[in-house]
Structure formats: structure tokens, C-alpha cells
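Chains as they are written, first to last, in the numbering used here: chain A, 486 to 823; chain B, 486 to 823; chain C, 486 to 823; chain D, 486 to 823.
Any given hint might turn out to be false.
Pairs count within a copy or across copies, as identical chains cannot be separated in the list.
Stated by the list, open to error - Cross-link-like lysine-lysine pairs, in silico, DSBU-like; alpha carbons within 35 Å at most: (1) Lys816 <-> Lys774; (2) Lys816 <-> Lys600; (3) Lys816 <-> Lys586; (4) Lys525 <-> Lys774; (5) Lys774 <-> Lys802; (6) Lys644 <-> Lys600; (7) Lys586 <-> Lys720; (8) Lys713 <-> Lys597; (9) Lys571 <-> Lys694; (10) Lys644 <-> Lys571; (11) Lys618 <-> Lys586; (12) Lys597 <-> Lys739; (13) Lys586 <-> Lys710; (14) Lys721 <-> Lys774.
No lab work stands behind these hints, which were simulated from the structure alone. Computed from a prediction, not measured in an experiment: that's the story for all the values here.
There are 4 protein chains.
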Amino acid sequence: MTNIGVIGCGYWGPNLIRNFFQMPEAEMKIAADLSQDRLKYLQSLYPGLSITTDYMDIIDNPEIDAVAIATPVFTHRRFVMEALAKGKHVFVEKPMASSLKDARDMIALAEKMQKRLMVGHTFEYHAAVRKIKEIIDSGELGDVYYINSQRLNLGLFQKDINVVWDLAPHDISIILYLLGKEPEEIVTTGTCHVNPEIQDVATVSMTFKDNIIAFIQCSWLDPNKVRKMTIVGSKKMLVYDDIQQNEKLWIFDKGVDVPSHYDTFADFQYSYRYGDITIPKIDNYEPLKFELQHFVECIENGGTPQTDGQNGLRVVKILEAAQHSIDNGGKRIRFDMD
Amino acid sequence: MTNIGVIGCGYWGPNLIRNFFQMPEAEMKIAADLSQDRLKYLQSLYPGLSITTDYMDIIDNPEIDAVAIATPVFTHRRFVMEALAKGKHVFVEKPMASSLKDARDMIALAEKMQKRLMVGHTFEYHAAVRKIKEIIDSGELGDVYYINSQRLNLGLFQKDINVVWDLAPHDISIILYLLGKEPEEIVTTGTCHVNPEIQDVATVSMTFKDNIIAFIQCSWLDPNKVRKMTIVGSKKMLVYDDIQQNEKLWIFDKGVDVPSHYDTFADFQYSYRYGDITIPKIDNYEPLKFELQHFVECIENGGTPQTDGQNGLRVVKILEAAQHSIDNGGKRIRFDMD
Amino acid sequence: MTNIGVIGCGYWGPNLIRNFFQMPEAEMKIAADLSQDRLKYLQSLYPGLSITTDYMDIIDNPEIDAVAIATPVFTHRRFVMEALAKGKHVFVEKPMASSLKDARDMIALAEKMQKRLMVGHTFEYHAAVRKIKEIIDSGELGDVYYINSQRLNLGLFQKDINVVWDLAPHDISIILYLLGKEPEEIVTTGTCHVNPEIQDVATVSMTFKDNIIAFIQCSWLDPNKVRKMTIVGSKKMLVYDDIQQNEKLWIFDKGVDVPSHYDTFADFQYSYRYGDITIPKIDNYEPLKFELQHFVECIENGGTPQTDGQNGLRVVKILEAAQHSIDNGGKRIRFDMD
Amino acid sequence: MTNIGVIGCGYWGPNLIRNFFQMPEAEMKIAADLSQDRLKYLQSLYPGLSITTDYMDIIDNPEIDAVAIATPVFTHRRFVMEALAKGKHVFVEKPMASSLKDARDMIALAEKMQKRLMVGHTFEYHAAVRKIKEIIDSGELGDVYYINSQRLNLGLFQKDINVVWDLAPHDISIILYLLGKEPEEIVTTGTCHVNPEIQDVATVSMTFKDNIIAFIQCSWLDPNKVRKMTIVGSKKMLVYDDIQQNEKLWIFDKGVDVPSHYDTFADFQYSYRYGDITIPKIDNYEPLKFELQHFVECIENGGTPQTDGQNGLRVVKILEAAQHSIDNGGKRIRFDMD
């Protein structure tokens with residue numbers, strides 16, 4: 486049995502609490518937040534829950550094995566480092582840190598303390614994303630040519646981070662997971678409309694080896710909610726529409742065959758293959774439940790979480806580069822190939 | 486009565502011929518193409534049509550008042566310049582030229598010869614686009630914040646131009662028309678997948694004065710046909726979905742109110758306004774018909790076409806800059822503010 | 486404060502319990518079910534809840550003011566009559582009874598005991614349905630011509646009632662509410678496919694005064710979930726698509742104008758009006774919450790529920806006639822105009 | 486080479502003319518209509534076409550081999566009988582006749598004259614419908630349980646026939662083709678709203694052997710255009726949505742398994758199978774072209790058209806019964822099993 490404390494009970498924290506409560510292998514012990522009202526409300530839902538406005542009541546508590554952190558990004562460093570230092574396993578929401586340096590420090594400390602450090606990249610535990618990974622790895626799509634992702638909606642506006650730090654971590658995490666590699670270059674443009682200091686609309690272009698390109702569009706200003714990723718391969722194409730309740734994955738058996746050679750004097754037409762569409766059945770479970778179970782299992786059997794510190798760091802590295810690109814008017818950033 | 490000759494009877498030319506045939510004010514006289522088969526086929530549809538494989542039969546023909554050109558972009562310069570030199574009015578398909586210099590030469594010659602030069606930016610004659618222009622100009626959307634346009638499909642692959650030159654002219658033309666101004670900066674990224682020399686996927690970001698940003702995504706590799714433009718304003722938002730047969734324009738009465746000031750110590754939430762959606766009725770006519778009638782009217786009454794040489798030049802200027810940006814790995818291009 | 490007991494904790498009962506728990510004016514005291522497991526599960530969610538497998542513990546309990554019943558239809562008579570007899574106010578799920586006679590007995594007993602009897606016709610408390618009622622009553626649609634309703638899905642198969650008794654009560658209740666009158670005639674056809682004794686597909690046609698017709702299609706065998714009602718009026722038309730999350734109501738400003746007279750020798754074409762579409766904003770609340778609050782308010786201030794016994798009886802009367810029509814191969818049933 | 490004359494150049498006739506013109510095996514010779522304007526217009530499109538306001542110029546013309554008739558239904562008898570009597574092959578639009586008697590007379594005369602008589606039930610030549618037939622016949626759906634068809638739109642109102650005679654022939658023809666048998670019973674309800682003499686909204690229920698039921702809803706009063714057919718089988722389900730441009734057929738691998746027996750004392754739940762969805766590729770050709778080619782081929786090689794007189798008669802028989810049912814307030818009509 487793993488005893489859990491949760492720090493941060495705002496927008497996302499209650500989902501952690503609910504899932505830990507329903508997990509037989511975990512004991513959801515105590516929750517911390519600055520708002521007494523939030524805590525009282527949670528206690529009314531979970532009468533057995535201890536509450537506190539002082540997070541040290543969690544971190545100093547020898548009964549607690551693991552701490553889950555769902556606070557604003559700029560506070561992650563403090564909570565993660567202190568919890569690790571006190572010998573707790575740590576689950577931290579995405580993005581794991583506001584800087585590459587912070588992410589590295591967290592990883593180093595977790596290693597030193599021999600504790601699990603896991604980052605909440607939920608989509609890696611999503612049935613549809615795992616199915617896509619399976620499909621790509623099976624070769625069904627052929628070589629991946631490009632990925633186009635849109636994550637658009639109206640609000641919720643964040644006050645401390647821009648739309649890239651808020652929304653793009655999902656797409657970046659999914660894309661790295663699917664491709665199994667990191668980009669070589671990134672260009673990001675973004676603009677501020679509602680709050681003059683915070684980008685609310687942005688486009689991220691990532692270039693990978695083998696000429697793979699991935700675009701991410703993110704916006705807090707769109708009238709419609711869009712969560713859509715298109716993956717074009719040399720053999721087939723796939724659309725993942727997360728807004729659809731049942732038909733989330735569409736596999737198109739149509740593509741473009743490039744003839745190995747052709748007579749330049751002749752009229753040439755690329756050949757098209759059009760074919761059937763398949764919408765495979767996707768298991769219908771809550772990804773967060775699966776994710777938190779994985780966390781508890783890694784604690785209990787000493788395994789490495791799929792979305793461990795290194796995994797989270799890769800996302801932070803791209804976010805930092807994206808920010809640098811935005812701050813320099815869409816400058817092209819080339820990653821060190823070290 | 487205006488006598489018309491058409492050069493180029495491939496993919497688009499037959500639409501010009503059909504419309505000129507149905508126009509009482511025009512006499513569709515003669516069509517030129519390199520393919521005798523294409524010409525024979527057209528003559529079977531329009532028994533009265535003269536045909537030729539030598540475009541000089543049109544340009545040298547004193548009976549012909551105006552020449553419409555629907556040939557590959559790289560040939561535009563020759564046909565336009567020769568037709569103008571022989572005193573013909575000229576209608577040329579978009580984009581008008583492969584370079585800014587060519588566009589400027591065409592405009593200069595048209596002025597010298599006192600002839601009409603019109604570019605086929607069809608969407609400026611589209612009922613939905615004109616309705617959007619009306620809505621923006623009425624102030625209904627408030628200040629425009631950003632425009633996001635997607636023009637995606639599978640093929641038709643071009644052999645002489647890339648996806649930006651092929652698809653983006655539509656979006657660029659629409660956006661310049663709607664905003665009534667030119668961008669200050671542009672960043673474009675693109676990659677080649679099917680043909681190693683020709684970009685088939687690209688994203689164009691244009692930045693305008695007053696912090697307006699416009700994104701254009703274009704792709705020949707998408708499994709679904711998408712023609713969608715979202716325009717976000719400070720008051721309302723509009724989605725133009727050109728794939729829809731009847732419901733093309735959606736006006737969302739929801740937006741974000743930024744409070745003029747707020748207490749930084751208090752918890753702050755941006756206010757959202759959600760409201761009704763309106764789908765206005767759009768007149769259902771063929772834009773090309775309206776466009777070609779405008780051309781003939783300008784010839785007959787000496788008016789200036791809405792999409793005249795200057796209008797076409799502005800699009801070419803952006804395309805040239807986009808190409809330069811792509812060729813330099815997504816470099817930011819700043820336009821001279823001359 | 487009204488003290489509540491709930492009988493029946495299967496599919497729907499837990500929703501009653503959850504809402505009563507969150508209602509400040511009500512005290513959710515005790516729940517009864519035959520399954521000890523269900524009860525234990527509910528107690529784990531609501532630690533303060535008393536549980537029992539003997540419904541008499543609710544009915545005989547002098548502390549309980551009101552009983553809410555969510556059991557199979559054929560048991561309604563027993564529970565409702567006994568609860569009323571013991572002086573409880575009663576809320577009973579729809580349809581209120583398996584026969585007109587039972588419904589009449591319940592109403593008579595409630596009147597004699599001076600207790601509230603309310604039927605759970607939830608859709609009358611749904612924001613979209615109330616908005617439609619407002620629109621019709623305002624005259625915006627003109628005279629209602631016809632209503633076409635579809636309620637289709639795959640399962641859940643019932644074992645004790647057929648698809649008409651299961652699904653059509655919603656549509657019947659909505660249609661009577663919207664039109665404010667009862668049908669004069671009904672024809673119903675239905676067939677059994679999965680279980681040879683229980684109709685799983687059926688169509689109900691109801692004819693009203695003034696030549697209004699309403700069709701209801703209900704099916705447990707449809708691959709897609711459909712909840713759609715079209716209301717055609719002489720001026721406008723309305724589509725209510727309950728599956729849509731945000732765009733539930735579509736008002737079409739298009740209709741048919743019948744000229745008052747016309748020359749029979751001339752070619753005549755009905756004139757069509759096509760116009761804008763409006764999607765009004767609908768308040769986003771849980772109808773059941775609103776409904777149960779209404780129940781408690783009626784108890785506390787002695788008012789008559791909107792969906793009182795008479796309201797529920799009208800639905801049962803139509804269901805009984807529909808069954809009679811099915812059992813006689815689609816026979817036309819004419820209601821007594823008493 | 487078959488020489489063709491067309492009688493009736495209103496709404497549909499021009500489509501016949503256009504297709505015959507493009508068919509190498511046919512010579513589109515002459516068209517008749519009462520309107521000189523319509524004829525002049527057609528001649529401007531097809532300069533080689535002869536025109537006449539007197540249909541006898543076609544029927545008496547020894548050069549003409551076959552006559553295609555696209556006139557109002559009540560005139561079919563006269564034109565078909567006269568054309569057959571003069572030794573012409575006849576193609577007549579659907580429905581072939583206004584009465585069973587007329588249909589029988591036509592068939593008898595065609596047999597006597599040894600001429601082809603074909604009815605324009607276009608959907609039997611539609612790639613999607615032929616694909617569905619293939620799927621059903623392969624056993625992929627299992628036993629067909631029921632078919633639900635909707636054919637709804639706003640106008641075009643007919644003046645001489647009601648909505649059942651106008652729209653239902655398509656669905657009836659498709660359903661008979663797919664099931665390969667005729668119904669045993671029919672119930673039809675319909676009402677008049679715009680024109681007090683002509684039903685503009687109706688529902689047809691047909692019952693077949695083996696407990697198969699088919700519903701057809703047809704309406705001229707619906708705000709949205711709907712052309713949708715759902716076919717539920719014991720193994721799989723299929724939706725045919727003719728409004729979709731590319732995704733017309735959806736095959737759902739989900740259904741209901743009925744256990745061969747079960748313990749009545751135990752709680753029983755029907756088992757559901759949910760699975761993949763497949764959208765097969767459908768060939769994209771004009772059904773009318775395929776249909777008219779079939780007509781010309783049958784003339785040239787003496788074959789029997791798929792939609793011959795008997796095929797057309799079966800549809801008329803059902804239409805006549807549907808009308809009888811409507812005229813008797815939704816009376817159940819049982820077909821003679823002769």
C-alpha cells in the first residue's frame with residue numbers, strides 16, 4: 486500500500502485525488518492547498534481525507550510515501566526538490582519544470598535519493614495514442630512524412646504561462662512518443678492579443694531527421710474546441726480526432742505512390758491510391774487512472790515510469806527552445822546534437 | 486461585345502471557356518493549347534469554337550479584344566507581355582507571375598498600353614468572402630486578432646511549383662482583401678516528401694500591424710479536404726468552412742472581455758462571453774462567372790478591376806518572400822515599409 | 486428541510502441520490518434496493534447514507550417526508566400506493582404506471598391523502614425543451630405542421646418492457662408539452678428481433694387537431710445514437726439535436742409560402758424562403774437537478790408539480806394505446822374525446 | 486447504334502439527353518416538350534439536336550429506335566403505350582405508372598411487341614447500393630432485422646403527385662432490390678400541410694417475411710436534406726448516408742448476441758459486441774450513365790433490363806397500396822400472396 490499526499494487542489498488536483506481514492510493499491514491520505522474553501526469542499530466529497538494549508542504537513546509526514554504535485558509550473562521546482570529531499574516518490578504535473586536546468590536538478594536529486602520521479606504526460610497513457618503508436622510501429626502507415634496537430638479552444642487563460650507552455654506539452658509529448666526521437670530544429674511564432682504579455686496563439690514547427698516535420702497549432706482564442714492530429718505516412722494516413730466520442734481514429738488507405746522513375750518529356754501524373762477507411766475500436770478507460778496506477782506500480786516494484794524525468798525533460802527542452810524562438814521573432818533554433 | 490481568346494485548356498481553362506460562352510456581353514472566339522486532343526474535345530462541346538496549337542493565332546488576331554491565360558505560372562510572363570504588347574486586354578490566372586520583377590513589368594506594360602490587366606483571384610468574388618469582408622468592415626467582429634487558414638487535400642501535385650505557390654495564393658489574397666493591408670513580416674516552413682525538390686507541406690505565418698497574425702497551412706498530403714478559415718476578433722469570432730455546402734459562415738457571439746484593470750493580488754479569471762451562433766445565408770452563385778463578368782465590364786467601361794495588377798503583385802511579393810524564407814530554413818523576412 | 490428516501494438503486498436511482506445529496510433544501514436519508522452490493526457501493530460514495538434491502542424501512546419511517554421511486558415500471562403501483570398510503574409525498578420515474586387504471590388509482594390516492602405525486606418526465610425540465618416551448622409559444626415558428634422525433638441507439642435492452650415503453654415516454658412527454666394538447670389518433674407499428682416477445686424497433690404516429698402530425702421512431706438496434714426532433718412550422722423550422730454538446734437547437738428561417746391563389750393555367754412554383762440559421766445559446770444545467778428541486782419546492786410550498794399525476798397519466802394513456810395498436814398489427818386507435 | 490428520342494425536357498429530361506449525347510453507342514436525335522423555350526435552350530447546348538413540340542414527331546419517326554420518357558406520371562401510360570405500339574423500345578422514368586393496371590398493360594404490350602421496357606429506378610445502378618447488395622448477399626451483416634430509410638428535404642413540391650409517389654419510389658426500389666422479396670403488409674400515414682390535397686409528409690412501414698420490417702420516412706417539409714438508410718443485421722449494421730460525398734457507407738461491427746438460453750432467475754444482460762467501423766471505398770460514377778448504357782445494351786443484345794417492367798410494377802403495387810392506406814387513415818394493407 487502506497488500512502489499518497491497531493492499538493493495543489495485547483496483545476497487538476499481533484500482528479501488526482503479522485504483516482505487515488507478509487508485505487509486499491511493506494512491510500513489517499515492528505516491534500517494541501519492555499520485555499521481553505523477548496524480543501525473544505527474536497528473533504529465534503531471525501532470525508533476521510535486530511536487537509537492542510539501547509540504543504541510541509543505532507544512533506545514532513547513520515548507516513549507519506551509519495552507526493553503528487555498539481556501546482557503552477559513555476560512552483561514545481563520547490564515542491565519537487567523538497568519532496569525528493571525528504572525521501573518521497575514524486576509525481577509532478579506537466580510540464581515538469583519552467584527550465585531545462587530545473588528539470589536536470591530534479592532528475593539528479595531523484596537519482597541520488599533513489600526515488601521515482603514521474604511526469605504527468607497523460608496522453609502517453611491514452612488508449613488512442615497507444616493504438617497509434619502500435620499502428621506506426623507495425624509499419625502500417627509506412628514512413629511517417631509529417632504530423633499536423635491542432636489544440637484550439639476558447640480559454641482557459643493562464644496567468645503565469647503562455648499558450649505554448651499550457652497546451653503544447655500534450656502535443657510535444659505525443660509526437661516524441663510516436664516518433665521515438667527528438668527534433669533537430671524548431672521554429673515557433675506566437676502573438677499576444679488578450680493579455681499583452683502572454684502569447685495566446687502560437688504555431689510550433691519541429692523538424693526531425695529523415696525529413697519528418699511536425700506542426701503544432703495552439704490557441705486559447707478559437708471559437709471551436711479542436712484536438713486533432715493528422716499523421717501522414719508513405720503508405721497510409723491517420724487522423725486522430727480527440728473530440729469525437731467514439732470515432733477517434735481514422736485510418737485512410739490512400740496515399741501517393743511515387744514512380745521510381747519517369748520520362749521527363751512525357752506528361753506525368755502522380756498515382757493516387759484511394760481506398761477503404763477503417764475506424765478501429767479504442768478501449769474506453771480514463772488515461773489518468775492508468776497513469777496513476779503505473780506510478781504506484783513503479784513505486785512498489787521499483788520500475789522506471791514510462792514518463793520519467795528524462796521523458797519530461799525532453800519536453801521542457803523543446804518548450805524552452807520554443808520560447809526562445811518566440812522571443813526572437815520566430816528564430817530558428819537548432820538543437821545540439823550531443 | 487468583347488471578343489475573347491483563351492490560352493491554356495488544361496485543368497482550369499475549360500472553366501473560363503464555359504463561362505465566356507454563357508456571357509451575353511462576350512464572344513468566346515478561339516482557344517489555344519499544345520494538346521490537339523484537349524482542343525478537339527472542347528470543340529466537341531462548343532462546336533462554334535475555333536482552336537489552335539499556336540497561341541500567336543490569338544495574339545496576332547485583330548478581331549480578339551481580350552486574352553485569358555490559364556497556363557503554368559512560369560509561362561505567364563511571356564503570354565501576358567506579348568498579349569499586352571499586341572494591344573489586348575489580359576486576364577491571367579493566379580499567381581500572376583513567378584517573380585516580383587515579372588509582375589512589375591506586366592503592370593508597367595499594361596499601363597503604357599492603356600489596357601486592362603486582371604488577375605484571377607477568384608475568392609475575392611466569392612459570396613462568402615465578400616460577406617465576411619462586409620461583417621469585418623461593419624465592426625461586428627471588433628478588432629481582428631488573428632486569422633487561421635487551412636487549405637489541405639490529397640494532391641493534385643504540381644510539377645513546376647510547390648504547395649505554397651499552388652494553394653496559398655487563395656488564402657493570401659483573401660486575407661489581404663479582408664484586412665485591407667499587407668503584412669510586415671513573414672515566416673514560412675515547408676518540407677518535401679513525395680518529390681524531393683518540391684515542398685508539399687508548408688505553414689506560412691504573416692504578421693501585420695496592430696499585432697494581427699495570420700497562419701496559413703497548406704498541404705497536398707492530407708487525407709481530408711479542408712478549406713477552413715477562422716477569424717478571431719475582440720467581439721466575435723467567425724469560421725468560414727468552404728467545404729460545407731450550405732452552412733459556410735458561422736458567427737460566434739462569444740469572446741473574451743479583458744477587464745480594463747484588476748487587482749493583481751486577487752484571484753483573477755478572464756470573463757467569457759458565450760452566446761448565440763448565427764449562420765447567415767450566402768448567395769449561391771459561381772464566383773468565376775461574377776469575376777469574368779467584372780473583367781468584361783472593366784474592358785467595356787474602362788474601370789479598374791478589383792483584382793488588378795497591383796492586387797496580384799501584392800500576392801506575388803508575399804509568395805516570393807515565403808519562398809525565400811523556406812529556402813533559408815524558416816528565416817524571418819521583414820518587408821520594406823516603402 | 487425535506488427528508489428523502491429512495492427506492493431502487495439500479496441504473497437511474499444513483500442519479501436521484503446524488504442530486505438530493507447536493508440539494509440544501511433536502512436531506513437524503515436512506516436508500517433501498519434488493520442488491521446489498523449496490524447499496525454498499527453507494528454507501529462508500531456517501532458515507533452518511535442509510536441503506537436497507539427492505540423498502541418498508543423507508544415507507545414506515547415517520548422521519549421520511551418523501552419517497553423517490555426508480556424501480557421497474559411493473560412495480561410502480563405497489564411502491565407508489567403504499568408510500569402514499571403512509572402519507573409520503575411521491576416522486577416516481579417515468580412512465581408512472583403500466584396501465585391507465587394504475588395511474589388513475591395513484592392520482593386518486595394522492596388527492597385523498599393530500600400529498601404531492603410527481604412523475605419524472607425529465608425533459609420537461611431540460612433547458613433546450615423549455616427554450617423550444619418558448620419559441621413555439623412566441624409564434625416564431627408559425628403554426629406547427631409536424632414533429633418528427635428519433636430516439637435510436639444500441640441497447641440497453643430492457644427485459645420487462647418494450648422499446649416503446651422504454652424510450653417513447655420522453656418524446657411523448659416533450660411533444661405534449663410543446664403542443665399543449667393530446668392526440669386524437671395513434672398508429673404504432675413495432676417488431677421483435679432480439680427477444681421474440683419484446684418489440685425492439687417501433688414507430689408511433691400521433692395525429693392532433695389542426696392537422697398536426699407527430700412521428701416517433703424508437704429503436705434499441707441502431708448503430709448510432711440519435712436523439713433528434715424536427716419541428717416544422719408555417720414560418721420557420723427547428724431542429725433539436727440532443728446529441729450535440731453545444732449546438733442543440735437550430736432555427737431555420739426557411740419555409741414555404743403558399744400563395745393565397747394562383748392562375749391554374751400558368752406554371753406554378755411554390756415559393757421558398759431560405760434564410761439565416763440561428764443557434765441560440767442554451768443554459769447548461771442538469772435537468773434532473775432542476776426537476777428534483779421543483780419536487781422539493783412543491784412539497785414545501787404546496788404547489789402542483791408541472792409533471793404531476795395528470796401529466797404522467799396522459800403519457801401512460803398514449804403508451805397503452807400504442808401497445809394496443811402494436812398488438813393489433815398497427816391498428817388505428819382513436820381516443821375518446823371525453 | 487441506337488437512335489434515341491426523348492419526351493419531356495423539364496427537370497429530369499436534360500440529364501437523359503446529356504448522357505445519351507456522351508454515349509458512343511447511342512445517337513441522341515430528337516427531343517420533345519411542350520415548352521418551346523426549354524427546347525431552344527437545349528438546342529443551344531446541343532446544336533445537333535432536333536426539337537419538336539409534338540411528341541408524334543418522335544413516335545412516328547421510323548429512324549428512332551428507342552424513346553425515353555421523362556414526363557409527369559399521369560402521362561406515362563399514353564406515351565409508353567403509343568411508343569410501344571409503334572415498335573419503339575421504351576425507357577420510362579419512375580414510377581412507371583399511376584396504377585397497377587397501367588403497369589400491367591404496359592408490360593403486356595411490351596411483350597407482345599417484343600420490345601424492351603425499362604423503368605428508371607436509378608438507385609439500383611448506384612455504386613453504393615450495389616455495394617450494399619453485395620455485402621448483404623455475402624452474409625456479412627447476418628440476417629437482416631430491419632431497414633430504416635429517411636428521404637427528407639424542403640421542396641420541390643409536386644402538383645400532381647404526393648410525397649409518397651414522389652420520393653418513396655427510390656427507397657422502395659432500393660429495399661426490394663436489397664432484400665430480394667416483396668412485403669406482406671404495409672401501413673402508411675401521411676398528412677397535408679402546404680397544399681390541402683397533397684400529402685407532403687408520410688411514413689411507410691413495410692413488413693416482410695422472416696419478421697423483417699422497413700420504415701420509410703419521406704417529407705418535403707424538412708429543413709435539412711437527409712438521404713439515409715440504416716440496415717440492421719444480426720451480425721453487423723450498415724449506414725448508407727447518401728449526402729456524404731466520400732464516406733457513404735459505414736459498416737459497424739457491433740451487434741447484439743442473444744444467448745441461446747439463460748437462467749431466468751439470474752440477472753441477465755444482453756451481451757454487446759462493439760468493434761471496428763469500416764468505410765469501404767465506393768466507385769465514383771454517375772448512376773444514370775450506367776443505367777442508360779444498360780438500356781442501350783439490352784436493346785442491342787436483346788437482354789432483359791435489371792429494372793424491367795416487372796421490377797417497376799412491384800414498386801407501383803406498393804405505392805398504390807400505400808395510397809390506399811393513407812386514404813383510409815393508416816389502414817393496414819395485406820398483399821395477396823398470389
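Outcome of the hint check:
Within a single copy, Lys816 and Lys774 get their C-alpha atoms no closer than 39 Å, and across copies no closer than 44 Å, so neither meets the 35 Å cut-off. For a Cα distance limit of 35 Å, the shortest separation of Lys816 from Lys600 qualifies neither inside one copy, at 38 Å, nor across copies, at 44 Å. When the C-alpha separation of Lys816 and Lys586 is checked against a cutoff of 35 Å, the pair qualifies both within a copy, at 22 Å, and between copies, at 28 Å. For the identical chains of this complex, Lys525 and Lys774 are neighbours both inside a copy (24 Å) and across copies (22 Å), given an alpha-carbon limit of 35 Å.
Only within a single protomer do Lys774 and Lys802 lie at most 35 Å apart by alpha-carbon distance; the minimum there is 27 Å, versus 47 Å between protomers. For the homomeric pair Lys644 and Lys600, the shortest alpha-carbon distance inside one copy (32 Å) is at most 35 Å, but the shortest distance between copies (54 Å) is not. Taking the closest pair of Cα atoms, Lys586 and Lys720 never come within 35 Å of each other, the shortest separation being 41 Å inside a single copy and 41 Å across copies. In this assembly of identical chains, Lys713 and Lys597 lie within 35 Å of each other by CA distance neither inside one copy nor across copies; the values are 40 Å within and 52 Å between.
Proximity of Lys571 to Lys694 under the C-alpha cut-off of 35 Å is found in neither arrangement, the shortest distances being 41 Å within a copy and 53 Å between copies. Taking CA atoms no more than 35 Å apart as the test, Lys644 paired with Lys571 passes inside one copy only; the shortest distance there is 31 Å, against 58 Å between copies. In this assembly of identical chains, Lys618 and Lys586 lie within 35 Å of each other by CA distance solely inside one copy; the values are 30 Å within and 49 Å between copies. Taking identical chains as interchangeable, the C-alpha atoms of Lys597 and Lys739 are never at most 35 Å apart, the minima being 51 Å within one chain and 51 Å between chains.
Taking identical chains as interchangeable, the C-alpha atoms of Lys586 and Lys710 lie at most 35 Å apart only when both belong to the same chain, with a minimum of 34 Å there against 43 Å between chains. In the homo-oligomer, the alpha carbons of Lys721 and Lys774 lie at most 35 Å apart both inside one protomer (32 Å) and across protomers (32 Å), since each shortest distance falls under that limit.
Going down the numbered hints, you'll see the structure goes against 1, 2, 7, 8, 9 and 12, while the others check out.
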